[in-house]
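In the order they appear, the protein sequences are chains A and B.
Going left to right, the first sequence walks through residues 1 to 332 as this note's numbering numbers them.
Going left to right, the second sequence walks through residues 1 to 174 as this note's numbering numbers them.
Only part of the chain A face toward chain B is listed, based on derived beta-carbon distances under 8 Å:
hint, residue
1, Met1
2, Pro4
3, Phe6
4, Arg7
5, Ile8
6, Ile38
7, Pro39
8, Lys55
9, Gly103
10, Asn108
11, Met109
12, Ser231
13, Ile232
Not close to chain A: a few residues of chain B, all C-beta gaps over 10 Å, as computed:
hint, residue
14, Gly12
15, Gly34
16, Leu86
17, Gly140
18, Met142
Just so you know, the hints here were simulated from the structure itself, not pulled from any lab data.
All C-beta atoms in this analysis are idealised placements derived from N, C-alpha and C, irrespective of residue type, glycine included.
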Amino acid sequence: MSLPQFRILQPLTLDEACRMLDEHGSESMIIAGGTDVIPNLQMRLFAPRVLIDIKPLRELAKIELSRDGLRIGAAATLTHALETPWLGEKFPVLSSAISTIAGPLQRNMGTIGGNLCLETRCRWYNQSKFWRQSLGGCLKKDGDICHVAPGGKFCWAAWSGDSAPAFLALGAEVEIASAAGTRRIPLEKFYKNDGKDRIALARNEILTAVHVTASMSGRRGVYHKLRVRDSIDYPLAGVAVAMDVDSTGVCRDARVALSAVNPAPMLVRAAAESLIGKKWSRELAEEIAHVAIRTGKPLTTSGSTPVYRRDMVRVFTRRALEEVWNSAQQSS
Amino acid sequence: MDKQLIRLRINGEVHEIALSPNRLLLDALREDLGFTGSKRGCDDSSCGCCAVLVDGTPMLSCVALAASYENCKITTVEGLGGPGNLDSVQEGFAEMGGAQCGYCTPGFMIATKALLDRNPNPTLDEIREALSGNLCRCTGYMQIYESVKYALERHGSISSSVRETPSTQAPAVR
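Between the sequences and the hints, there should be enough to build the whole structure, so can you do that?
The following block contains the structure:
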C-alpha cells in the first residue's frame with residue numbers, strides 16, 4: 001500500500017522536537033521505530049502532514065539504573081532492553097513481556113515508547129481504507145457506528161501492547177515533555193480505557209521515558225501472552241504478575257495486570273489485597289484468577305472469541321502466580 | 001511533496017538519489033536502485049521478506065522511511081555475496097534445500113547473517129529465536145535450520161574474507 005504525503009522533520013535535540021510539536025500540533029505525529037506508525041499510515045488511519053523522527057535522539061535512547069531506580073528512554077529499542085542483562089535480572093516481568101513483542105526484527109526497530117503508545121487495535125479498524133469505506137467506517141474512524149457493540153457509543157478497540165502490563169505490575173511512571181516543561185504521571189493514569197482516545201498525551205507532548213522505582217528491583221515476575229502464532233503477533237490476552245515474596249513464602253506485595261482484554265492495559269486491583277500476607281495455595285491462585293476475569297472485558301475485536309480470551313486470562317493468572325511462587329521457593 | 005536528495009550507503013557504495021519523504025527504504029532499494037533481492041511480502045512488518053542489515057542489525061525495510069536511514073550502512077542480500085563469491089549463508093541455503101519458492105529466502109539469509117556475525121556458535125534454540133521474525137510458507141523451517149547449521153560449519157573457515165564486507169560491521173545501534 002502507498003503512503004500519504006508528508007514531510008519528515010529530524011530534530012537534533014528533545015527541545016527542538018518539542019518546539020516542532022508545538023508548531024505543528026495536530027498536523028504532526030511522532031515516529032520512532034515506525035513498526036506501528038507506517039502500516040497505520042498505509043491504511044490511512046491517520047493523515048499527518050509532518051512526521052517528527054525522534055529515532056536519532058540519543059538522549060531518548062538510554063537505559064539507566066540509578067539509586068532512584070530504572071529509567072528507560074522512550075526511543076530505546078525493545079532489543080536494547082532485552083540485551084541489557086541486568087534488566088532481566090532485576091525486573092524479570094519486563095524482559096518476560098518484552099521478549100514476546102512481535103519478532104526479533106520488529107524489536108530491533110520498535111521502541112519502548114512506541115510500545116507504550118501503541119495504537120489500539122480492532123478487526124474493524126486495522127484494515128485498508130477501501131475495506132473500511134465499504135462498511136461506512138466505524139466509531140473510531142470515519143463513521144458513527146461500532147461494529148463490535150452496535151448501538152453503543154464507546155470504542156472497544158483493544159489495547160494490544162505487551163510491555164504496558166509489565167510496567168503497570170511494577171507501578172511505573174511515565175515522563176512526558178512539551179515546550180512548557182516535563183511532567184511525570186503514574187503509567188496507570190496514562191491510559192484512558194477508551195479505544196478512540198487511548199492515552200493522556202496532548203498533541204504537543206511527547207513521551208520521553210518510563211521510570212520504575214528502585215524498591216521494585218528484584219521483584220519476581222512473569223508475563224503470559226495468548227496469541228495465534230508464537231512470533232510476530234499481537235496479544236489476544238496478556239497477564240503480567242510481579243510479586244515480592246519473603247523467605248518463608250509469604251507474599252509481601254503483588255500486582256497483577258492484564259493486556260488486550262480492554263481498551264487499556266489494566267491493573268487487577270482486588271488481586272493485590274487478596275494476595276498480601278498469603279502463602280501459595282492452588283485455591284488462592286484460582287480465587288485470584290477469577291478476580292482477574294472480572295477486570296477483563298474482551299469483545300469481538302480480534303479473530304478470537306471473547307469467551308476463550310477471558311478463560312485464558314483465568315488460566316494465565318493461575319499459571320503466572322504458580323510460577324512466581326515456585327521461583328521464590330527454589331531460590332530460598 | 002518535494003523530493004529531497006538523499007545519500008544511502010548500500011553494500012559499501014554511496015548512492016545519491018532524489019526521493020519523496022514518504023519513500024520507503026524497500027521501494028528505494030527495489031525500484032530506484034535495482035536491489036530487488038529484498039522482497040515485499042506482507043507490507044506491514046510481519047513477515048521478514050524485506051529484511052536488510054542496518055549497521056549490522058536486521059531490520060524491516062518495508063516500515064523504514066528511506067530518508068531516516070541516511071548515513072547508515074545498509075546491506076541487502078546482494079551485499080552478502082554473488083555468483084562465484086557466495087557467502088557461507090547463501091551456500092548453506094543452496095546446499096541444504098533452504099529455499100523452495102525463494103521469496104522469503106533473502107530475508108532469512110539476512111537474519112542468519114546477523115545471527116552468525118554476533119554469535120558464531122548458536123544453539124538450535126538460538127537459531128530458531130533469531131529466525132522467528134521471518135515467515136516461510138513453503139519449505140518449512142527444518143531445511144532452513146539445516147542451512148544455517150551448514151553455514152555455521154563453513155563460517156569459521158571463510159570468515160577472514162567475509163569480515164571485509166560491510167555487512168559484518170559490529171552493530172552501532174544497540
